[in-house]
Amino acid sequence: WDEPTIFELSRPGRIGYTLPKPIEEIDVEIPEKLRRKSQLNLPELSEPEVVKHYTRLSEMNYGVDNGIYPLGSCTMKYNPKINEEIASHPGVAYVHPYQDERTVQGALRIMWELEQWLKEITGMDRFTLQPAAGANGEFTGVSIIRAYHLDRGDTQRTEMLVPDSAHGTNPASAAMAGFKVVEIPSNENGTVDLEALENAVSERTAGLMLTNPNTLGIFEDEILEIAKIVHKAGGLLYYDGANLNAVLGKIRPGDMGFDVVHLNLHKTFSTPHGGGGPGSGPVGVKDFLKDYLPVPLVGYDEERGYYLDYDVPKSIGKVKELYGNFAVIVRALTYLKIMGREGLREVSEIAVLNANYLTQKLKGTRGYELPHKELRKHEVVFSAEPMKRETGVKALDVAKRLLDFGMHAPTIYFPLIVHEALMIEPTETVSREEIDAYVEALKRISEEAYTNPKVVKEAPHNAAVGRVDDVLAAKKPILSWRMYLRLREKGEIDY
Amino acid sequence: WDEPTIFELSRPGRIGYTLPKPIEEIDVEIPEKLRRKSQLNLPELSEPEVVKHYTRLSEMNYGVDNGIYPLGSCTMKYNPKINEEIASHPGVAYVHPYQDERTVQGALRIMWELEQWLKEITGMDRFTLQPAAGANGEFTGVSIIRAYHLDRGDTQRTEMLVPDSAHGTNPASAAMAGFKVVEIPSNENGTVDLEALENAVSERTAGLMLTNPNTLGIFEDEILEIAKIVHKAGGLLYYDGANLNAVLGKIRPGDMGFDVVHLNLHKTFSTPHGGGGPGSGPVGVKDFLKDYLPVPLVGYDEERGYYLDYDVPKSIGKVKELYGNFAVIVRALTYLKIMGREGLREVSEIAVLNANYLTQKLKGTRGYELPHKELRKHEVVFSAEPMKRETGVKALDVAKRLLDFGMHAPTIYFPLIVHEALMIEPTETVSREEIDAYVEALKRISEEAYTNPKVVKEAPHNAAVGRVDDVLAAKKPILSWRMYLRLREKGEIDY
Amino acid sequence: MGRHYLPNSAHKDEMLKEIGFTSIEDLFSDVPKGMVQKFNLPEGKSEYEVFTELSEILSKNKTVLEMPSFLGAGTYFHYVPAHVKYLIERSEFLTAYTPYQPEVSQGMLQALFEYQSIIAELVGLPIVNSSMYDWGTAMAEAALMSARVTRRNKFIVPKALSPEKKRVLGTYTGGPGLEIVEVPWDERGQLDIEKLKEAVEGAAGVYIEMPNFFGLLEENVREVGEIAHEAGALFVVGVDPTILGIVEAPGELGADVVVGEAAYFGNPMNFGGPRAGIFAVRNDKKLIRQMPGRIIGMTKTADGKRDFVMTLQTREQHIRRAKATSNICSNEALVAVAAAIHLATLGPRGLRELGEIILKNTAYLKRRLGEVGEVAFDGVNFKDVPVKFEVPYDVVHERLLERGIHGGYYIGGHFPELGETALFAATETTRKEWIDALVEALREIISEAEL
Amino acid sequence: MGRHYLPNSAHKDEMLKEIGFTSIEDLFSDVPKGMVQKFNLPEGKSEYEVFTELSEILSKNKTVLEMPSFLGAGTYFHYVPAHVKYLIERSEFLTAYTPYQPEVSQGMLQALFEYQSIIAELVGLPIVNSSMYDWGTAMAEAALMSARVTRRNKFIVPKALSPEKKRVLGTYTGGPGLEIVEVPWDERGQLDIEKLKEAVEGAAGVYIEMPNFFGLLEENVREVGEIAHEAGALFVVGVDPTILGIVEAPGELGADVVVGEAAYFGNPMNFGGPRAGIFAVRNDKKLIRQMPGRIIGMTKTADGKRDFVMTLQTREQHIRRAKATSNICSNEALVAVAAAIHLATLGPRGLRELGEIILKNTAYLKRRLGEVGEVAFDGVNFKDVPVKFEVPYDVVHERLLERGIHGGYYIGGHFPELGETALFAATETTRKEWIDALVEALREIISEAEL
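Protein chains in written order, with our numbering: chain A, 1 to 495; chain B, 496 to 990; chain C, 991 to 1441; chain D, 1442 to 1892.
These aren't lab readings, by the way, just hints derived from the structure by calculation. There could be a bad hint or two in this list.
Quick look at which bits of chain C chain D covers, simulated, 3 or more residues with Cβ under 8 Å [said to hold, decoys possible]:
| hint | segment |
| --- | --- |
| 1 | 1031–1042 |
| 2 | 1067–1079 |
In silico PhoX-like pairs for lysine-lysine, Cα to Cα no more than 20 Å straight-line [said to hold, decoys possible]:
| hint | chain 1 | residue 1 | chain 2 | residue 2 |
| --- | --- | --- | --- | --- |
| 3 | C | Lys1275 | B | Lys971 |
| 4 | B | Lys970 | C | Lys1295 |
| 5 | A | Lys314 | A | Lys290 |
| 6 | A | Lys394 | A | Lys363 |
| 7 | B | Lys809 | B | Lys781 |
| 8 | A | Lys361 | D | Lys1458 |
| 9 | B | Lys889 | B | Lys858 |
| 10 | D | Lys1764 | D | Lys1727 |
| 11 | C | Lys1275 | B | Lys985 |
| 12 | B | Lys856 | C | Lys1002 |
| 13 | D | Lys1453 | A | Lys361 |
| 14 | D | Lys1600 | D | Lys1636 |
| 15 | D | Lys1746 | A | Lys476 |
| 16 | A | Lys286 | A | Lys232 |
| 17 | D | Lys1746 | A | Lys475 |
| 18 | B | Lys614 | C | Lys1028 |
| 19 | B | Lys675 | C | Lys1313 |
Ideal placement from N, C-alpha and C gives every residue a C-beta, glycine not left out.
Please model the complete structure; the sequences and the hints are all you need to start from.
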């Protein structure tokens, strides 16, 4: 349905707030030239109206609790409610980050404990919890690699190697840290082409950023060779933890040869994605890199208890203010304590089982092609290229049509090396029936594509709104209500 | 949409729970004849499935946060979220009712404070917070009246007077307390017929149960005469607080002559209705009745602090276990403290303004008749009798058609003295635009009734389901999944 | 204050004008002169101030998270999984009312139907209403219903019954004038069968609990039912449903009516309320017609789709008024839904496991308490264990509290024949270290007292 | 443990069989031998155990509800209305991801568009992205963007800048090799205009804050902007948005880019995170093209209905990869929505009132602290007040803590020229009795120290 914007719901004079009185009615003069004179066009609503508005908006949004959400690469697993309950403890919300460490022993202990779990899970020796998200973690990691080389006087290492199947954040983060990005092609198996890698490494190589399993959901089975090649050239190996859910509790990036790892607490560790954030992207390093981590680290000694350790001599500095997304960290630790050793292992096993179950069930359906190997880890990438060729129905259309079945679409058009990619990651928290229904829907769409392609191309038909015109959005940007009003006034838009 | 029952979602072997281990693996033998042998056919689901199921069910339900909910007599006002936040304090949830009073001073103080507010609001001298709901409060109140007469040796007072416009709970509660119910007719103004009342009172009169304003939303303007007549006959005056929202903070039942009052915290005092409960129905009495109140009361003295007072010599006993719906009580006190004196008065003023605004805007619309007086308090009852007569469209059809506009229906077919009643109570927390839209919808339905009655009679068309067959439900009762399976097996049903 | 909840507060004058009034007082012109009052109440405060004020007041409560507690006697500290709390706080459930309009209330209707269905499986009777206020009022209504069904007016209960429930029963049955007869316990704490036989004649109903007030499993439930039935009385069983994974469903043991407390699932203690009373009956038209409370039924829409609706409303007060089977209107729907969600989460295995854990924890508590006091009866205990001390219990209680432990519920006042006895309770939340600390403390207290 | 989150845990064998595998290990046959490990981690626990364990750990934090605290310096105790918290916890918002499929994500898209729109009104610039990680990273990205836009590599900041932000800026600008130049404050704690003029040549951007790190309103914002513009630099203003009801929008004062902290609205302190960085620019194609972060735009559907979608994605990493305007992917959407809901609740009057209350409470704090210490600068303070003591601040801090009061944030370490100075902060949540107790305690502490 339609919900007006909050500006349209506004009526002059309504109030939705209460505020305590000031301590004393002291007159404070704001310098004339600073005093606000421009209009403050904020909406005016009562609390019941605010609540109804956002309740209705929420009902126009699809989340993990609404059904299957197999958005590849995003690990949209169930977010346990106990995480939320713990995160709403007053000891989380009402604590100031600059409090004397004796008054925040609980918070520091939680950070310290999480670090211990993550170390064992990744095979790394030290962690920072500061990064706010995966990409922030990547930036942290590559900055550490940069600092390491520079610290050793190795100033020529300006190139970061990135496979062509990598997440876009990898090259972007490397570039942000000042590296030149060198792309490594994949081989016919969908994994890193060793020969190309051999040719690419040199004394300019700072490192290689790798996801394993990679974004095709395929395990880089030559990982030990890859590590050898990069290390031998003097580079370091960076692990993009976006796909850790495939090997959680079974295989450690540290054992694969990685020197730096970032994790996504909002993917692997069940913290909610919040419609785009907050996430949390801890970064772990092998011992020889720990002096480069951001400050502060969390330390513990018996006398002092838990403390913030700013004594990191070669630290890269800070990658965000303060200590990280603490409210997310608390949720992840809650999850870990509930799952435990065996639970974590079962997570990856079932995530992988579910993905392969889906792969095998869907495989052979007309119009969808399964490129590269059959054996996948936690996700699989099909190509709708044959369907597009034969019927004109694109991956985008398939995605939109899935919405009509009350299901969320897969990630589409990524990784770039697969044409018309449909990247499906069911995760371990969906049931077999949900996977079966998803496969059924994809099969039905295939049938429709070959018999009645219009119905697919014009999808969605049952979603909150019809297909959204994103080309228009970019051509005629309307990025705030203020812009909208101006454009309407000028008669430039009719919506 | 369709959501299967939780039994249908069940799959053998799934688990959704975690439990701590027992302290020790002690073998305890349950006597053979008590051991469970019958099948325990509970659903088996994982937590994510449980969460999805109930999330989807919730989205198939209409609450106050979804839009206007002008269910007459129910005061479906906005339920402030701060009430919920306070009620979720560990000091509410994790407290045992038998704890030593020194360890529950907070809880007792909250009950004590609420009593002080309610006393001033009603003009009563003492309150019990024990009743779980309005009807439980009515039963408490009439039981007190009964105890009072008996205590005075006045054993002949077996009749309880109840106006014909009263809530059904009034006669039911009186009957439950052992009274014979005598119905008092209304006059042409919709108020108590004084002559009929004079004729009805006698030495058998235990009391009169009255709502003021009454269920038509009309203020009983002869209330002082009514009180005089009843009191003169030796009866007591009982105030049904269902409609207190009309006079909150402006007029006290005590000042109208009432001796006993029950309130509905879930109506007037903004606590949520929970899909039918929990409510809370405190009962207040004038001083001369306080010795009959249920035990325990909450007392305070400086030395002891707050305490539970079981020393109520003539107490009627208990009307429910323990002390009342404490988690509801906390919410009501939160509301009162935020509103304060002026806020409460504005509540009733705007509730009354909204109802009269709606009345005047709707008045004169073809098919709807406004019986009795025009001036209403917090609610108004229209009659769809002309519409039914002229088009065949009934109040029920109007109600169902409103659902199509995304609005909740009024209370219908109540009070019984108005034919085809539409009992509309907007409450003070809806906006003018919501009332305008409601009136518009009712007007449009009137138009439809006179031009295209079918669309109204077959409504709803846009609700989660089409019109529900409640006659079939009563004719072929299916009251549990177990019954359903049995009937299906026998081939007695096809749904 | 409070204007933030009142959208039209800013528009009063315009609205009045639009409908031909000039002031708010015009709307109250029918109120007798002088009746409108200025109230002596505090001024409103900001949400922040009320939040801090009430948080501070509530922090004065010592919770069972901060202090080991062994209180039970009808209220137990069970853990409520977080998702249960989250789900019932969704405003579509929380802020709705009784589902009078089924087409926009299918969510609550189905959830309540599922509650009824789950309880039906637990108790072994197919007809369950969608909740009473609590176990006590459910039992009292069962007594009234027994009288209506049998047209008799005697109701038999165990003497070993919670004082709460006795007083509720007394109040409810006072008006109609039912006679309540108490049957004592035997030397093993079980309902005295011989005494029951003496009392049963002319009874409308016989009530028994599992476990009983002393936490003991009543071993002769089936026999009690047979005695009741032979005398033409209804057999009413009150049950703590957390036991029903391991103990036979009362319906299978002959119960005509089962009552109990649903809030032991899915709901915290909340200082005693809200709760939700279970009320279930046999599939017998006579019983169904006399049953109190709301009932949700399955039916179908005009186009044949299965759905849910309130049904059998002709028993209820809003239709039948003075002749209704009960006055109940608002019930405890949300509490019941919370219980159902918790039970759906437990499933058959979880419920069985829960029962076993409680049984074992109770056994551990009992064994350890036996070291320092006298366990009053022989038998199998579930949650509650009555323990008698040589030292006056108020002294024991006081000394325990000083040590930061909350002891049991003293029952010597209600049952003087038991002397200095208190009920100590365990559940799945009870920790070993709490019990060990309790026993240690009791040992000290007793030896101090002996000095 | 954890199987309650894993519906297929019970079906592994059947599923494997159905797809032609015999064991889970088959699915990992591509993993090099020996790489699969047994981990040295604790066993899983029940939800109840984890709940109590973590609750106990968190209770070891002393919250600002239990202890008057005067900490500010970039993190402030503002009250979050309960409905804001409730709304963002609705799982449709909470558990969704970036709205890649707009047709089923209109709720989050519209909420974020509204956030952008509300911030646009506050800061006086029409283009706002849908959040950065926090103020610090937003500022750092503004520095990088300034460099891209101007093709220069010097960025000018006040010396009086939070050490947090300085370090973030240093890390972000290290790779691209930006030069960061600090301009000192003058004797009134204001940015030294003369020094700025000396430094500005060749600058990519000039950054200033309102209020500045000392809590002072920078009086010459407009002039600073003019100086920047004259030198061909972008003018970047960092703002605490809670001041924008009473202080002019930076966009109106000449800012090209505005950054700030959105989490001051609608979000608790959370020990420092999550936050949400404001990032806004002028309606200038060159700036928009170089802007980091997600942006939501309004568009229409095929049938002409207005709706919302992520737009201008060609700036972003998933399209442009190494040439993206930033690497940001996950942002702080929910934090931003919470801020928007809070701001929609406040409205223009509430925001103005909030600003005035903070201004007055700060003035009270400042006046009272002036009685016991030396307020470092003349001027108008908002929230933070720097106060210098005769007694070493660590002693003051220790003695305050002993009295259950948490003092201010010591800045003498970062700015040795200020000596024993700490920032004390007030907001609308600060209570008179806290300040009075603080001043009383300080008086005692100082006189003790003088003995």
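>> For lysine 856 of chain B and lysine 1002 of chain C, compute the direct alpha-carbon distance and say whether it is at most 20 Å.
In response: Answer holds: lysine 856 of chain B to lysine 1002 of chain C is near 15 Å, not above 20 Å.
>> Hint check: lysine 1600 of chain D vs lysine 1636 of chain D, CA-CA at most 20 Å. Holds or violated?
In response: holds, 11 Å
> Going straight from one Cα to the other, do lysine 614 of chain B and lysine 1028 of chain C come out at no more than 20 Å?
Replying inline: Holds. Lysine 614 of chain B to lysine 1028 of chain C sits at ~14 Å (cutoff 20 Å).
> Would the pair lysine 314 of chain A and lysine 290 of chain A pass a check requiring their Cα atoms to be no farther apart than 20 Å?
Replying inline: OK: lysine 314 of chain A and lysine 290 of chain A at ~9 Å, within 20 Å.
>> If you count the residues of the segment 1067–1079 of chain C with a beta-carbon closer than 8 Å to a beta-carbon of chain D, do you get 3 or more?
In response: holds (count 5)
> Has the given pair, lysine 1746 of chain D with lysine 476 of chain A, been kept, meaning a C-alpha gap of at most 20 Å?
Replying inline: holds, 15 Å
>> What's the verdict on lysine 889 of chain B and lysine 858 of chain B, does the C-alpha distance respect the 20 Å limit or exceed it?
In response: With a Cα-Cα distance of about 18 Å, the restraint between lysine 889 of chain B and lysine 858 of chain B holds, given a limit of 20 Å.
> Within the segment 1031–1042 of chain C, is the number of residues with a Cβ closer than 8 Å to a Cβ of chain D three or more?
Replying inline: Held - the segment 1031–1042 of chain C has 4 residues with a Cβ nearer than 8 Å to chain D, which meets the minimum of three.
>> Against the 20 Å threshold, does the CA-CA distance of lysine 286 of chain A and lysine 232 of chain A hold or violate the hint?
In response: holds, 17 Å
> If you draw a straight line from the CA of lysine 675 of chain B to the CA of lysine 1313 of chain C, is it 20 Å or shorter?
Replying inline: holds, 10 Å
>> Tell me if the straight-line CA distance from lysine 1275 of chain C to lysine 985 of chain B falls inside 20 Å.
In response: Status holds; Cα separation ~19 Å.
> Taking 20 Å as the top limit, are the C-alpha atoms of lysine 1275 of chain C and lysine 971 of chain B close enough?
Replying inline: The hint holds at about 12 Å.
Consistency note: the structure conflicts with none of the earlier hints.
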